[in-house]
Amino acid sequence: MPKRKITLSKLETLEEYVSQNDKQQTNEDIPLRALSDPLLASNTLITDIDALLKPSMLSIRHEIKVVLKTGDYYVGIPVQRDDDLLTIDTGRKNTVLSMTDIDSFQIIGIK
Numbered sequence: 001m002p003k004r005k006i007t008l009s010k011l012e013t014l015e016e017y018v019s020q021n022d023k024q025q026t027n028e029d030i031p032l033r034a035l036s037d038p039l040l041a042s043n044t045l046i047t048d049i050d051a052l053l054k055p056s057m058l059s060i061r062h063e064i065k066v067v068l069k070t071g072d073y074y075v076g077i078p079v080q081r082d083d084d085l086l087t088i089d090t091g092r093k094n095t096v097l098s099m100t101d102i103d104s105f106q107i108i109g110i111k
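Residue numbering for the sequence shown follows this note's numbering, starting at 1 and increasing by one per position.
Calculated directly from the structure, the hints in this document are not laboratory data.
No residue lacks a Cβ here, since even glycine has one placed at the ideal position from N, Cα and C.
Treat each hint with caution, since some may be false.
Simulated restraints on C-beta separations [to be verified]:
#1 Val75 / Ser19: 30 to 36 Å
#2 Ala51 / Thr95: 16 to 22 Å
#3 Thr47 / Tyr73: 38 to 44 Å
#4 Gly109 / Asp82: 21 to 27 Å
#5 Asp101 / Ser59: 37 to 43 Å
#6 Ser19 / Gly71: 17 to 23 Å
#7 Tyr73 / Ser19: 14 to 20 Å
#8 Thr95 / Ser19: 16 to 22 Å
#9 Ser19 / Arg92: 39 to 45 Å
#10 Thr95 / Ser59: 38 to 44 Å
#11 Ile108 / Gln80: 30 to 36 Å
#12 Ser19 / Asp82: 45 to 51 Å
#13 Arg61 / Ser19: 28 to 34 Å
#14 Ser59 / Thr87: 16 to 22 Å
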């Protein structure tokens, strides 16, 4: 469904503009899914996590949900990645996870 562009000049108040804009926005839940090729999945996972660990000028820290192959999951901020280990700050302590145990991950917010 194409979105209509709403401009402020067509509406009388800012409240109407905001309410019209809110009506058009939809939030989609993107399900967690594993990639079919294990080698490709591993390389993609490492690349994506490394991108989150790079320092930014805005000091943005991404909170992620890491799902393990066992079905367990951890929520935290990625702190460091060594050769085969990922360290995430889960709020109370740092948790070290093996990269081979990670099935998928999803960015759930910004801290």
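Structure-based check of all given hints:
no., hint, in the structure
1, Val75 / Ser19: 30 to 36 Å, "33 Å, holds"
2, Ala51 / Thr95: 16 to 22 Å, "20 Å, holds"
3, Thr47 / Tyr73: 38 to 44 Å, "21 Å, violated"
4, Gly109 / Asp82: 21 to 27 Å, "25 Å, holds"
5, Asp101 / Ser59: 37 to 43 Å, "29 Å, violated"
6, Ser19 / Gly71: 17 to 23 Å, "42 Å, violated"
7, Tyr73 / Ser19: 14 to 20 Å, "37 Å, violated"
8, Thr95 / Ser19: 16 to 22 Å, "43 Å, violated"
9, Ser19 / Arg92: 39 to 45 Å, "41 Å, holds"
10, Thr95 / Ser59: 38 to 44 Å, "22 Å, violated"
11, Ile108 / Gln80: 30 to 36 Å, "20 Å, violated"
12, Ser19 / Asp82: 45 to 51 Å, "49 Å, holds"
13, Arg61 / Ser19: 28 to 34 Å, "33 Å, holds"
14, Ser59 / Thr87: 16 to 22 Å, "18 Å, holds"
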